[in-house]
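Protein chains: 2
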Amino acid sequence: MTMTTTTPNVYIEDLAQNGTAYLGQDVTLHGWLYNKRSSGKLHFLQLRDGTGTIQCVLFKGDVPPEMFEAGNRVTQESSVRVRGTVKEDKRSTLGFEIGVTDFEILHESVDYPITPKEHGVAFLMDHRHLWLRSSRQHAITRIRAEIIRAIRTFFDERGFTLVDAPIFTPNACEGTTNLFETDYFDDKAYLTQSGQLYMEAAAAAFGKAYCFGPTFRAEKSKTRRHLTEFWMVEPEVAFLDLAGDMDLAEDFVAFIVRAVLENRRAELTLLERDVSKLEAVQKPFPRITYDEATKILKQEGHAFEYGDDFGAEDETIISNHFDRPVLIHRYPSAIKAFYMKPDPENPELSLNVDMIAPEGYGEIIGGGQREDDLNVLLKKIKEHELPETAFGWYLDLRRYGSFPHSGFGLGVERTVAWICGIHHVRETIPFPRLMERLTP
Amino acid sequence: MTMTTTTPNVYIEDLAQNGTAYLGQDVTLHGWLYNKRSSGKLHFLQLRDGTGTIQCVLFKGDVPPEMFEAGNRVTQESSVRVRGTVKEDKRSTLGFEIGVTDFEILHESVDYPITPKEHGVAFLMDHRHLWLRSSRQHAITRIRAEIIRAIRTFFDERGFTLVDAPIFTPNACEGTTNLFETDYFDDKAYLTQSGQLYMEAAAAAFGKAYCFGPTFRAEKSKTRRHLTEFWMVEPEVAFLDLAGDMDLAEDFVAFIVRAVLENRRAELTLLERDVSKLEAVQKPFPRITYDEATKILKQEGHAFEYGDDFGAEDETIISNHFDRPVLIHRYPSAIKAFYMKPDPENPELSLNVDMIAPEGYGEIIGGGQREDDLNVLLKKIKEHELPETAFGWYLDLRRYGSFPHSGFGLGVERTVAWICGIHHVRETIPFPRLMERLTP
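Respectively, the protein sequence lines represent chains A and B. Its first residue numbered 1, the first sequence is counted upward by one per residue in my numbering. Its first residue numbered 1, the second sequence is counted upward by one per residue in my numbering.
Hints are supplied without guarantee of correctness; some may be wrong.
As the list makes no split between identical chains, a pair holds if one copy fits it or if it spans any two.
[Unchecked claim] The calculated lysine to aspartate or glutamate pairs, modelled on EDC-like cross-linking and capped at a C-alpha distance of 16 Å, are:
1) LYS220 with GLU108
2) LYS283 with ASP247
3) LYS188 with GLU436
4) LYS220 with ASP183
5) LYS60 with GLU385
Calculated from the structure, these hints are not laboratory results.
Chain A on its own, in the form it takes in the complex (with noise of 0.2 Å):
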């Protein structure tokens, strides 16, 4: 920062890691206002500058009156800037308050669209590029950011290597119902669903790989659990079964969660979440076939018809008989994509592996083994009648040193939705993009 000022520039997350240095000293703040309240002589303002927030106390007797007269007319959200002293103030969870000298409004804010009173989803959507302002708002993308930053750290610990997919890909694989096309100078792209083929020769060249990007999906759904573009991490692990799977998954939830609890369980207070239930997901997560899940299904009265994929409904409910994540694997090869392996012991069933989220917040993870068999692998994409061309490169790994490899995908929204414990993805990435919704 090089703003002209006599006095050191502070943010308020300096003063909420190590204010006690600051203690007696003056200090210059930019930020908006964020709240007031006045008494006579003196005015409370809330000063929040996207670190954090603090209460800047002006007395009338500090200060010249035109400043004084500034507090009183400053309204939410104009940018200000403040000169003062820190001082210690018991009551505040930072610890700390301002003993303003010097006040100014750097900018009037004019009738700002959101105001402490309740407004509805569709005009806080509207005005998402303002509401994320607002602590709440904070609260959520701080998560999603240690999420992201908790991803990257456990598969970089762990000598993955980050191998960035492509999002234009060439062919439309497995039908184009679901892509998003775009002219590709004389050609057409389709923007990607998963970089999972592409890992797979990532797997090759470095044993360990992943990608982490967003992906996309056309799909005309309007759930509380869809969004058109969202982030997805892929790990994928050379000679690695399902079992290593699984157990990579487990560790890498149960890390993902830690790391939140540690370093952002002020912003989950804030959301109201009860952390008890984040507490209670170690290992070992419970395991159980496609098979036992459709018992619970059974043993709750569920109507449920075997050898169908689970839907949110039957997730809920197999969910609802754990107090963390369970993983599902082994789901009927019928349902499955062609490059799932068979289990060996029942052709009719995939190594697969599913996990879903407690609390009925849905499938977060889904994986599993590969086939790593060239004959095997072409026989399938005959059976789901797809083009073999375009699978040249990828049929290439089976025909150089085929390997048995695993991985999973895991997807970012509905993870950060589970851990904030929010209803709808929409709130989970600062600027969502659903069917009905392009803008801001």
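Using the hints, position chain B against chain A.
Structure of chain B alone, referenced to chain A:
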């Protein structure tokens, strides 16, 4: 790992990091044959497992005849399992080798396309999924991953909040020429070229924010510096002026280079990078104005029209005057985007800055201070003949508590090209997308 073996599975990186702990022990390794050399009773198998390469010595006297024969037969990139004793090997950089007691070919690779002979670039690019297995591509990918890690660490440690910008954007704000377009249900969406406008909203919310993701340009450029899909990191800071923005960019790039020098020196050596050139990248970086830069061009007898933007050749000539990145600031406003703030001392100039990498690697950073006055911005939008309605939410940032702010964008691929010392950006990303390259 849960592959069934009686000896512990290790990665070569485990031996690289702590081989002494394994000395004399039996271990199991899984990987691919990278190279081999035989001499009568000995096969020297170079095994790669993605985390490193180790010599495995198969001695005829130690194993059954059919196992020694397998060592004879094994081809490049066949997948194998090796069991054996960890022994000291002072001649290798790793320091250890394996005395093989058990050797198994898991899958034979027949006619692996990439051989030690020279291949053309088109051929290698067509086989990118296999080319990634080579030591050179390993080094580049690892340095890329290190740069990305350093980027995130730098901002996370400095209290920046990660705020992912959307990929789908609703308006073709600055014309559709270089934009990829897609049908979005009953609407049109465009793939983002930059998250900056969103980061300005994020700076108002979080004080210090950054986004980091893929961006897209449908430019009909076939130069060595252009990809259609590339990753960009964009920090934006409230109450920061141009001088502070230059400080931040300088700290940031010095941090990235230091991280690579500290953590990826072996990879730089493999790429035959002159590390003394990177070691010179110390603060302070030279800061020159656009005017001063044009004088350098003139002094070199290089034809250049004052008022134009710098082209690749111009950038190279300027960069050759310095031994580290150079910051060029205050370009003519006429060639800069509508949101750039004019210099109050000379409104013909803009408070922008570009950073040019040394050694002719071109622009790696573009940024500056943003216009924060609503009326000036409205006037600029008219002058640039842009649709005002498309900027409704962006103008809100100047309506409600407007604030001075600055930021920049750094292109990852050009930074990787520079640090690795490679000529063409196509090798800087695992699966490059160029005008004529959409596969594999």
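Checked hints:
1. LYS220 with GLU108: neither (43 Å within a copy, 45 Å between copies)
2. LYS283 with ASP247: within (9 Å within a copy, 45 Å between copies)
3. LYS188 with GLU436: between (24 Å within a copy, 12 Å between copies)
4. LYS220 with ASP183: between (22 Å within a copy, 13 Å between copies)
5. LYS60 with GLU385: Neither, since 79 Å and 49 Å both go past 16 Å.
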